[in-house]
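Listed below are the residues making up each chain.
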Amino acid sequence: MILSSVSAYANVHTRVRGMIGNLLGDETVARLSASPDLNTLIAKLDETSYASCLATSEETIKSSRRVAYEIRKKLTRDYKIIIQHAPSFARQLLIQLFKLYEVDNLKAVLRGIEVGEQWEKIRYTLFPIEDYPTLPFEEMVRCGTVESAIALLHNTEYEADLKLALTRFHDEKSLFPVEVAIDLSYWQRLWDQIDTLPHKDQKITRILIGMMVDKNNLTWAARYRIFHRFSESEIINYTLPFGYKIDDSIIRAIAADRDPYQLMAEIYPAILKEGNFDSKNTSKWQLNETIFTRMIYSTCRHAFSDGSFTIGLPLAYLLVLEMEIQDLTLLFEAKSLEMPVDQYAPYLIRKLPHLTKN
Amino acid sequence: MKWYPERMTEVEIEVPNHFARKVTELLADEGFLQMEDISYLHAEESDVRGSNWQVKANQFANLEKQLLETLHSLNIDPGQSPDEHIKMISEPEDIQPFVNQLEEEIQARSKDLMASQQEINLRNAYIRLLNPLSDVKIPFERIRNRRYIYSVLGTMPADKIDRFKTSMTNIPFVLLELKKEGDQAIVLLLGSRQNKEYLHRAARSAYLVGVDLPDSYRGTPAEIIEVLNKENETLQSRIDSSSQEIEKIRDSRSNRLRELYWRVRYSRLLSESLMRFGKLKHSYLVAGWLPSNKLEKLSSDLQAISTSIIIDVKESGMDSESRNAPIMIEKKGFDQGFQKLVTTYGMPSYNELNPTLLLLLTFPLIFGAMFGDVGHGLILAIAGLVLMLKKIKKLERLASLGSVVLLCGISAIVFGFLFGSIFGIEDLLPAVWMHPMHNIMNLLLITAGFGAILLSLANILALVNDFHQRHWVHFFFNSKGLAGLLLYWSLLGLILSLFIKNFPVDQLVFIVVAIVSILMIFLSGFLERYFEKKRPYFEGGFLLYFIQSFFELFETLIGYLSNSLSYVRIGAFAVAHAGLSSVFFILANIVDPGKGVGYWLIVAFGNIFVIGFEGMIVSIQTLRLEYYEFFSKFFSGGGRKYQPFQLAKSNKEGAK
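Protein chains in written order, with the working numbering: chain A, 1 to 358; chain B, 1 to 656.
Each hint should be verified, as a subset may be incorrect.
Said to hold, decoys possible - Restraint-style ranges between C-beta atoms, simulated for each label pair:
| id | chain 1 | residue 1 | chain 2 | residue 2 | range |
| --- | --- | --- | --- | --- | --- |
| 1 | A | N39 | B | Y530 | 49 to 55 Å |
| 2 | B | D135 | A | T167 | 24 to 30 Å |
| 3 | A | R229 | B | D162 | 21 to 27 Å |
| 4 | A | Y347 | B | T169 | 36 to 42 Å |
| 5 | A | T125 | B | R256 | 51 to 57 Å |
| 6 | B | E231 | A | E114 | 32 to 38 Å |
| 7 | A | D37 | B | V55 | 39 to 45 Å |
| 8 | A | T125 | B | V211 | 36 to 42 Å |
| 9 | B | E231 | A | F227 | 53 to 59 Å |
| 10 | B | D162 | A | G25 | 44 to 50 Å |
| 11 | B | G612 | A | R77 | 45 to 51 Å |
| 12 | B | P172 | A | Q262 | 49 to 55 Å |
Treat the hints as calculated values from the structure; they're not laboratory data.
Only a predicted model underlies this, so the values are computations on that prediction, with no experimental measurement involved.
Backbone N, C-alpha and C define an ideal beta-carbon position, used for all residues, glycine too.
Just chain A, with the same shape it has in the complex:
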């Protein structure tokens, strides 16, 4: 059993170990953060493993959005390599996980269509799926209406959910039910995919992906209660019935006006190490989301030192890389807006070294 998992994962683990070496070190992140402007930041990033992504971008394009688009290609390429070298039984899960970006793109495209944006404007807000087969986003945008764009998704895994949500879109003139239907159904498919893995892989995957689901459920429940003022029944119907530690009783408690972040700290005491929740000020929910993400980041980092041959290492690497790119994207935005470090640092998933010391 052990031998079979070693032979199945040896190849992909060797590659992932190499990739981990390319992740940005704390000092590098601090150096990037110390850049006075966006151009300097890009120049510094050009000396890192992201250089290959930046080389492809046109020299004249220096907007934060465009640079963020280019560096996300690293994630796509690493996904591709990992999927290619992963054992066949793990490949479908990784492909399904990668589809998260397709789901994000789909939502962004529908939003773009609704406000009448042109494809040229929308394309760089999307995640670069590159040569992976994906949905006909450009054609969808060119259709001009949400209905005709959705009609193009005939025979895709999204068709049934979108058809269902379309009736509500007509009635409410809002993409909210459409987006919720896409999200819920995506996470359900991903969660179901975990059942196809060997037992050892299931265990670590339920922790890592389960924590992501918990974060989503918590964020959604908090938002539904705070911003949408939804009823208990609506909050439950719009959240997921699974996850790592969060269950319906927590969602019900949030719906019944319990502080979501206080509840979170009770379930995940480790979260308190990552930062202080601001439970009084509900407008700071984004900061609290960052604190939760930091906890996932720590868990993933911890998985790097686990020597067992499971899907855990590649999965943890991909999640960490995504978080690194999220941080870089935040830095691009901050530098282009000339924000002072103390304003954006609390929202970085990785704590900056000097701020940690303080």
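Since the structure of chain A is already known, use the hints to place chain B on it.
Then chain B, alone, in the frame of chain A:
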């Protein structure tokens, strides 16, 4: 089948403005002039004229679209062009009113038809929802409009039912699952009217879509279903009558519509071609290529339109300047498949030798030598014949390759007799020449010799091409020219003289010729620049030239060696073919030594495997030898296909 492409002539035709339309119609009708786009040539005021044709082309494009939609809505296939005489430009204004009127007639009926269909669909949805309740004897209005009860009848995703029930733990409700249809369920939600808002929002969040049956429908569900069915019958009769009317229109107008469609389509294509003409102040300029033997006909036809039309003829030579001339390749004939193999490598240039005939001779020869077996060859030959005769509809697209397969099969049969092999049995037929398995070294040496002959032939063909193109430096000094050929032969001679005692030519002769050839190749770069008067003669300095030439020479020598050895694979595959077949006989003997059914099953499977798998590998190897060893020495391709201006006769053909 010709060694060189059809002779082409370049013409420029100056057409006075008022004959432009007639000339365009004539060119389209004759269909042998490949037009060049010279619309960039225009006099000052001609922009207006150009835009006139642009406007017309747009009008015709719109009309074509309109007509096509009408044809589709009437379910009429545009088919083929009905009449040759409609290849002339019409006036859009003459056609537009008829098209509009017809469109109006059809649209009114189509709209009615669609509206009725929608009504039927809606009623069917009501029936679908009410069907599970058909046994309930209570009037439906009493179920849904209760004073204290709130109810929603509708559909929801079946997998959301449990989640919905979980979400409603604090509110009293009843959810009746009436029927499951795929991943959807027909449900009836009942709850207190006091909680109406809560229930409504909860149902909505579970994607429960309620159906609002109009209040006018009263009675028990069964009674309502009956009413709905009756309404559907009335609607269906309306649809039938609209359909009949559309049918009538189709019967009476289909011929006229088809004719109009093709008239408009040709008018659009002709207008578009007029846009590509050059424009002078009082005339149009048409430029293009046509086969030289058609020139006389074109001239006389143009003169018949008007003597004021001027034709300027430029005969193309075989020099390098004529490379731009398009290449006319016959699509029909036995060599079609071989022609395809050549064009896959590259379209021959105008002044370049077309290697199709050579391929027709060498491809089956090489294939047969590698695949020599009477039985296997026979099967291939039959397969080739079947392809050629287009007996199997699904394989019709491969018909052109039938001749290739047939010749390869025949060649394999011939080599099968030479090698004494039939269906892998090596001891049934006497070998007319030799058994590959027993003469491996001889076979390899013979095939290496055959390779040397083919490579020499390729070099000679390169010389012929250089001669035709008057590329003298290449002819004498290039590594693929005379110097290269002499070098190759002298090296071959040297090797032969080392192994053959009393070789008639002295080794010194070969050494001298080789050194002279090497010097010639070494100087080719310099001489090319010298004769073309390009300075500096040594590009990048003498040292760089020296290093480059040295390595090029080295590459040439290695190339000759590796290319010659490549042909050894012909012998190797001939041996492998016999060897692989014998493996299946050994296996069959192990499985069934008594030579029963098992034995023959394995032999049959083995033969199928050899024909399919090895046949494919041998084809690839043959193609590889042809492309990389043979063609690369003399054939560079890069020509462009001759595509004369013609009007397609059917939509599938597309406009050319």
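Hint check:
1. A/N39 x B/Y530: 49 to 55 Å: holds, 52 Å
2. B/D135 x A/T167: 24 to 30 Å: Distance hint for B/D135, A/T167 holds at roughly 28 Å.
3. A/R229 x B/D162: 21 to 27 Å: holds, 25 Å
4. A/Y347 x B/T169: 36 to 42 Å: For B/T169 against A/Y347, whose Cβ atoms are near 37 Å apart, the range 36 to 42 Å holds.
5. A/T125 x B/R256: 51 to 57 Å: With Cβ atoms ~52 Å apart, the hint holds.
6. B/E231 x A/E114: 32 to 38 Å: holds, 37 Å
7. A/D37 x B/V55: 39 to 45 Å: Check failed, 53 Å falls outside 39 to 45 Å.
8. A/T125 x B/V211: 36 to 42 Å: holds, 38 Å
9. B/E231 x A/F227: 53 to 59 Å: Violated - the Cβ-Cβ distance for B/E231 and A/F227, about 46 Å, lies outside 53 to 59 Å.
10. B/D162 x A/G25: 44 to 50 Å: holds, 48 Å
11. B/G612 x A/R77: 45 to 51 Å: Distance hint for B/G612, A/R77 is violated at roughly 38 Å.
12. B/P172 x A/Q262: 49 to 55 Å: With a Cβ separation near 31 Å, B/P172 and A/Q262 fall outside 49 to 55 Å, so the hint is violated.
Hints 7, 9, 11 and 12 from the list above are not met by this structure, while the remaining hints are.
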